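Numbering (this note's numbering), first residue to last: 1 to 463.
Hints listed in this document are in silico derivations from the structure and should not be mistaken for laboratory results.
One or more hints might be untrue.
[What the hints assert, rightly or not] Straight-line Cα separation of at most 30 Å, DSSO-like style, residue types lysine-lysine; simulated pairs:
(1) Lys393 x Lys463
(2) Lys378 x Lys449
(3) Lys377 x Lys404
(4) Lys378 x Lys317
(5) Lys387 x Lys463
(6) Lys393 x Lys404
(7) Lys318 x Lys404
(8) Lys449 x Lys393
(9) Lys377 x Lys463
(10) Lys317 x Lys404
(11) Lys417 x Lys393
(12) Lys417 x Lys404
(13) Lys378 x Lys393
(14) Lys449 x Lys417
(15) Lys393 x Lys377
(16) Lys417 x Lys318
(17) Lys404 x Lys378
[Unchecked claim] With beta-carbon atoms standing in for the labels, derived distance ranges:
(18) Thr132 x Arg171: 51 to 59 Å
(19) Arg121 x Ala229: 47 to 55 Å
(20) Pro142 x Gln408: 39 to 47 Å
(21) Pro278 x Asp128: 48 to 56 Å
(22) Ala384 x Thr362: 44 to 52 Å
(23) Glu414 x Ala459: 20 to 28 Å
(24) Thr19 x Gly148: 29 to 37 Å
(25) Ile279 x Arg143: 47 to 55 Å
Quick caveat, the model's predicted, so the values are computed rather than measured.
Where a beta carbon is used, it is the ideal one built from N, C-alpha and C, also for glycine.
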Amino acid sequence: MALIRSISGLRGTLGDGLTPPTIAHYTAAFSEYLGGGPIVVGRDGRPSGEWIEEIVVGTLRARGIPVWTLGIVPTPTVQFVAQHSNATGGISISASHNPAEWNGLKFLGADGTFLDTDACRDFFAVVDRGATKPDSSTPVGPRHAITGAAERHVESILTLPFVNLEGLRQRAFTVVVDAVNAAGSWVVPAMLEACGCRVVRLFCDGTGVFPHAPEPLPQNLTALAEAVAANGADLGIAVDPDADRLVLIDETGNPIGEEYTIAAVVDFVLGWERQRDPISNLSAVINLSTTRAVEDVAARYGAAVLRTPVGEINVAKKMREVGAIIGGEGSGGVILPASHYGRDAMVGIAIVLSHLLQRGGTLSQLRASLPGYAIVKKRAERPANVKAVEILKRVLRNHANGAKWNGQDGLRLEFEKSWVHLRSSNTEPIIRVIAEAATANEAENLANKYLRYTEKIAAEMAK
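Could you put the whole structure together from the sequences, leaning on the hints where they help?
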């Protein structure tokens, strides 16, 4: 049974792990955990999201909870509404980059962020014991359909101080958009058009039927790359189904790599802030799997970089703690506190366009201006009867090779000019293997070496 719960929420395969009773059970527990008050609900456009939304909304209303439904919107929009309203929490119905046979629930607090480890522990305790049943006298909670949430979200982004709308409209970038027919299908093109861009829509019909594997990886973006070249576009933009991840294709049709979304964004935001205030203490926060290029970029502006375990909430929490002005994850997730404390592809788009406008030139030239590293990401299947932590303990014991190691989130081994990070996924039953080095060949070899170690140890332990 494929059902995964973590700080990233609940995900499962439809009709197997993720069933109507399971959805109702977790939803009821979440409302009890929050203790009442309005809950914001949105979904990413997958066809299954329609019936899941009815279960979520019905369960909440049966417990007397007011529900604000946003319809098909990006997860960042649900977060934005939760943070900038008196809602006590939110639920975004999405399995993010997982395939079509998956869906899930992303649980948000009143501040619009995911639940942290302690909050998840308390919430899951309610799940495990079961929420109390509503009293027969409990009045049905009202349902309010909120219109225009995505528009207000976009408007707030376009009023950020670094966004030069007049300049963008004069520049009039040509942009091809692959929204994988999901939540970004309307909002991403609409935002680009508000910036004066000529938009070529590719897979933006909003049906939620994925035209290719939904994770925005280079091998899934060949049609986008071809469309960029065919249309003479300045860049291509790909987002995942709930539009919290942003991946860029340069004007030649070449993916610049999801890691370089965050590197480019950090470069612009820190540079803009340093120009505004030459003496302030600046910081950025990224996770342990994110490219070292971010640290090199931050050094240009005398800014500190802090790393956290993987997971949006871990990055957001540390950003709040230290007052970081920018952060995110190497999966293409950008967090800008000036907007809200969640990964947001639309925020990333606004920053990237602003960067291109300010420096001039092309996206490939922008990429060339950033530190050059190669990062390789692989995955090892984890046997159901073997705990990831036990596998990684053996890797550390037998294959650390004198590296500096960090066990904060799985196992990160740092060598003089490279690093490798092995960790159990929060969203899939796998162990991720991420390696970075100065060249693609070195990164590939490092990743393959530790992938082999991991798979061999896992197979031995599964016997």
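Structure-based check of each hint:
For the proposed pair Lys393 and Lys463, the alpha carbon gap of about 18 Å is at most 30 Å, so the pair holds. Taking the CA atoms of Lys378 and Lys449, the gap is near 11 Å; set against the 30 Å cutoff, the hint holds. Under the criterion of a C-alpha separation no larger than 30 Å, the hint pairing Lys377 with Lys404 is consistent with the structure, at around 20 Å. Among the hinted pairs, Lys378 with Lys317 is consistent with the structure: their alpha-carbon atoms are about 27 Å apart, no more than 30 Å.
Taken as a hint, the Lys387 and Lys463 pair is honoured in the structure, with Cα atoms around 13 Å apart against an allowance of 30 Å. With a C-alpha separation of about 15 Å, the suggested pairing of Lys393 with Lys404 holds against the 30 Å cut-off. Taken as a hint, the Lys318 and Lys404 pair is honoured in the structure, with Cα atoms around 23 Å apart against an allowance of 30 Å. Between Lys449 and Lys393 the CA atoms are separated by roughly 16 Å; this keeps the pair inside 30 Å, and the hint holds.
This hinted pair checks out: Lys377 and Lys463 have alpha carbons roughly 27 Å apart, not beyond 30 Å. Only pairs whose Cα atoms come within 30 Å are accepted, and Lys317 paired with Lys404 is accepted, the gap being roughly 25 Å. A threshold of 30 Å between alpha carbons decides the hint, and for Lys417 with Lys393 the separation of about 23 Å falls inside it, so the pair holds. With a C-alpha separation of about 12 Å, the suggested pairing of Lys417 with Lys404 holds against the 30 Å cut-off.
About 19 Å separates the Cα atoms of Lys378 and Lys393, which keeps this hinted pair within 30 Å; it holds. The suggested pairing of Lys449 with Lys417 holds, with an alpha-carbon distance near 16 Å, which does not exceed 30 Å. A threshold of 30 Å between alpha carbons decides the hint, and for Lys393 with Lys377 the separation of about 20 Å falls inside it, so the pair holds. In summary, the hint linking Lys417 to Lys318 is supported, as the alpha carbons are separated by about 26 Å, within the 30 Å threshold.
At most 30 Å may separate the alpha-carbon atoms for a hinted pair to count; Lys404 and Lys378 meet this at roughly 21 Å. For the hinted restraint 51 to 59 Å between Thr132 and Arg171, the CB-CB distance of approximately 57 Å keeps it satisfied. For the pair Arg121 and Ala229, the beta carbons lie near 49 Å from each other, so the given range of 47 to 55 Å is met. Range check, Pro142 to Gln408: Cβ separation about 44 Å, and the 39 to 47 Å hint holds.
One distance hint, 48 to 56 Å for the beta-carbon pair Pro278 and Asp128, holds here, with the actual separation near 53 Å. Range check, Ala384 to Thr362: about 48 Å between beta-carbon atoms, so the 44 to 52 Å window is met. In this structure, Glu414 and Ala459 meet the distance hint of 20 to 28 Å, their C-beta atoms being roughly 27 Å apart. For the hinted restraint 29 to 37 Å between Thr19 and Gly148, the CB-CB distance of approximately 34 Å keeps it satisfied.
Look at Ile279 against Arg143: about 51 Å separates their beta carbons, and that is inside 47 to 55 Å.
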